[in-house]
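What follows is each chain in one-letter form.
Protein chains: 2
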Amino acid sequence: MKEIKIFAPATIANISCGFDVLGCCLDAIGDEMIVRKSPDKGVKITKITGATLPYETKNNVAGVAALALLDALNFEIDYGFEIEIYKNIKPGSGIGSSAASAAGSVFAINQLLGKPFSKIELVAFAREGERLACGSPIADNVAPAIFGGFTLVKSTNPLKIIELPTIDELYTTIIHPQIEIKTADSRAILPNDIPLKKAVKQWANVGALIHALHTNNASLFADSLTDYIVEPYRSKLIPDFGLVKESALKAGALGCGISGSGPSIFTFSKNKQVTENVAIEISKTYSKNKIPFHVYVSKINLEGIKIINS
Amino acid sequence: MKEIKIFAPATIANISCGFDVLGCCLDAIGDEMIVRKSPDKGVKITKITGATLPYETKNNVAGVAALALLDALNFEIDYGFEIEIYKNIKPGSGIGSSAASAAGSVFAINQLLGKPFSKIELVAFAREGERLACGSPIADNVAPAIFGGFTLVKSTNPLKIIELPTIDELYTTIIHPQIEIKTADSRAILPNDIPLKKAVKQWANVGALIHALHTNNASLFADSLTDYIVEPYRSKLIPDFGLVKESALKAGALGCGISGSGPSIFTFSKNKQVTENVAIEISKTYSKNKIPFHVYVSKINLEGIKIINS
Numbered sequence: 001m002k003e004i005k006i007f008a009p010a011t012i013a014n015i016s017c018g019f020d021v022l023g024c025c026l027d028a029i030g031d032e033m034i035v036r037k038s039p040d041k042g043v044k045i046t047k048i049t050g051a052t053l054p055y056e057t058k059n060n061v062a063g064v065a066a067l068a069l070l071d072a073l074n075f076e077i078d079y080g081f082e083i084e085i086y087k088n089i090k091p092g093s094g095i096g097s098s099a100a101s102a103a104g105s106v107f108a109i110n111q112l113l114g115k116p117f118s119k120i121e122l123v124a125f126a127r128e129g130e131r132l133a134c135g136s137p138i139a140d141n142v143a144p145a146i147f148g149g150f151t152l153v154k155s156t157n158p159l160k161i162i163e164l165p166t167i168d169e170l171y172t173t174i175i176h177p178q179i180e181i182k183t184a185d186s187r188a189i190l191p192n193d194i195p196l197k198k199a200v201k202q203w204a205n206v207g208a209l210i211h212a213l214h215t216n217n218a219s220l221f222a223d224s225l226t227d228y229i230v231e232p233y234r235s236k237l238i239p240d241f242g243l244v245k246e247s248a249l250k251a252g253a254l255g256c257g258i259s260g261s262g263p264s265i266f267t268f269s270k271n272k273q274v275t276e277n278v279a280i281e282i283s284k285t286y287s288k289n290k291i292p293f294h295v296y297v298s299k300i301n302l303e304g305i306k307i308i309n310s
Numbered sequence: 311m312k313e314i315k316i317f318a319p320a321t322i323a324n325i326s327c328g329f330d331v332l333g334c335c336l337d338a339i340g341d342e343m344i345v346r347k348s349p350d351k352g353v354k355i356t357k358i359t360g361a362t363l364p365y366e367t368k369n370n371v372a373g374v375a376a377l378a379l380l381d382a383l384n385f386e387i388d389y390g391f392e393i394e395i396y397k398n399i400k401p402g403s404g405i406g407s408s409a410a411s412a413a414g415s416v417f418a419i420n421q422l423l424g425k426p427f428s429k430i431e432l433v434a435f436a437r438e439g440e441r442l443a444c445g446s447p448i449a450d451n452v453a454p455a456i457f458g459g460f461t462l463v464k465s466t467n468p469l470k471i472i473e474l475p476t477i478d479e480l481y482t483t484i485i486h487p488q489i490e491i492k493t494a495d496s497r498a499i500l501p502n503d504i505p506l507k508k509a510v511k512q513w514a515n516v517g518a519l520i521h522a523l524h525t526n527n528a529s530l531f532a533d534s535l536t537d538y539i540v541e542p543y544r545s546k547l548i549p550d551f552g553l554v555k556e557s558a559l560k561a562g563a564l565g566c567g568i569s570g571s572g573p574s575i576f577t578f579s580k581n582k583q584v585t586e587n588v589a590i591e592i593s594k595t596y597s598k599n600k601i602p603f604h605v606y607v608s609k610i611n612l613e614g615i616k617i618i619n620s
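Note that the protein sequences, when read in sequence, are chains A and B. Under the working numbering, think of the first position of the first sequence as 1, with each following residue one higher. Under the working numbering, think of the first position of the second sequence as 311, with each following residue one higher.
Chain A extracted, bound-state conformation (with noise of 0.2 Å):
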């Protein structure tokens, strides 16, 4: 195999009350990438689409992901690799958009050197990514990127990522609004220390949400995404973030939270129509304002990234 084109799909982080822990991973956003070998040692970012992104290997998330793996091979092999990139995601929109980026090159490089390296390496090299994004080599996107369907992050040192069950027919929809916050606000917003007692009641809302996906129950699911320690503080970043909220959830939805640290909202519902609904409902109460936006909707992807051809 001398070249691979992928899909490198959006995630959603945090899950509302899976702060830096819960993630999974969409369906119908996503960027394409075709990664192919390269008589060139080393790794080229050689095309960007879709977003004004570094081309210099080292400041490019890809890249960093890329040359991570290379080193964890001790960068011996006789050939490199090109890197094209397609984004759909925005940078910054805060549903996985550099996650995608490292996730994809890693995983397709993976594939042209024949698989010699597992998901859970995979995301060990793609979190480098993160660490150049936003400085921390957090897990909670890159993971659902690579395993699909939903994850926990049990721990960052030493990595360990569990694959979680999901529920049946089970869709986001994910609102976009067109305004930048950026993750070193989105961090510094929140509190170093929290309520011990908010605290419980988080930890509840973990447990009670593992268990709704295992035992596939939507009610429960619907009743553990409730965010005690985040949401109050970074859906202040988010214009008309209650009022998103309310609407969501009078059309249906299961569930309504900020994604990773924003500005994306997302909102998980049962089955397609109410989906459907749901994006019909916060549209029209996003219209109100200003704002531009984009909605998607997107069942949850199982698979992570796709080979489109190879």
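Just so you know, these hints were derived from the structure itself, not from any lab. Don't take every hint at face value.
Derived lysine-lysine pairs resembling DSS-like cross-links, with alpha carbons at most 25 Å apart [as the list claims (entries may be wrong)]:
#, chain 1, residue 1, chain 2, residue 2
1, A, K119, B, K511
2, A, K201, B, K511
3, A, K270, B, K470
4, A, K160, B, K507
5, A, K182, B, K507
6, B, K351, A, K160
7, A, K201, B, K470
8, B, K598, A, K160
9, B, K507, A, K201
10, B, K582, B, K560
11, A, K198, B, K580
12, A, K198, B, K315
13, A, K182, A, K290
14, A, K198, B, K508
15, B, K429, A, K201
16, A, K197, B, K354
17, B, K511, A, K160
18, B, K315, B, K354
19, B, K609, B, K560
20, A, K198, B, K492
21, B, K511, A, K197
22, B, K580, A, K201
23, A, K236, B, K507
24, A, K160, A, K119
25, B, K609, B, K582
26, A, K198, B, K560
27, A, K197, B, K546
28, A, K197, B, K507
29, A, K160, B, K560
30, A, K182, B, K508
31, A, K250, B, K470
32, B, K492, A, K197
33, A, K90, A, K306
34, A, K197, B, K560
Following the hints, put chain B in place on chain A, whose structure we already have.
What follows is chain B alone, placed relative to chain A:
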């Protein structure tokens, strides 16, 4: 049915990562109670052995729980109940002594009444006994006493309890140092606020533990039994806690932590032989100090309160 004799089990609350939400039920440690119908209305505590506890109904956890149940019937039954309590679980031991009495009381009365109430309703009545015992209507001991196995208190208001699966062949060894720790003191030692970073680690472990129970994964279960929040504070109140933990893990225990608010220390292990080895090793360790102690070994009790005869 005029009279019923039951076994009211001891329970472990918190279970390392699950402060205030997780609990599990024991088999080999528990009280016995006899409850019988009486021509006199209301509830009377007629016998208590094994501990010095109040006979006045309103000052006794079994009495208060029973009154909460009768209150839900508007006291519209033309007879009353006599309760005999044969304590084996020492009050203040940290393995759910008050919960056993409160849960046993309402379970038995419900049987005598022809089971008008569900298990969740019984938990709601029983936690009124906990309110008397510790000032707060906590449910993390009464829930596993009534449901059996492992339980998650999803929320306390409204009260929602989740029954969890267990790990095959799971045993617990409990060491109870004969010292007194007042629940009020062990609450007071906890901070109001905790670091967000530690809370994230804690809820990752709660999620992982629930996943481990659903997948019968003993090694993940073991790996999740870490308490970043409460144990660092409360362990200071229990002499040689660290030494016990060290020797338990060395002897093959899956995990070790403070049972409820202590002073009892629990360990989990995977089969009878390892369990007995753990019991021997922690006994040796604790014999080196001058504090008297008891050690108990028990399987996980999947049934909860048991009817001895009726």
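What hints, given by number in increasing order, does this structure fail?
-> 6, 8, 11, 12, 16, 22, 26 and 34
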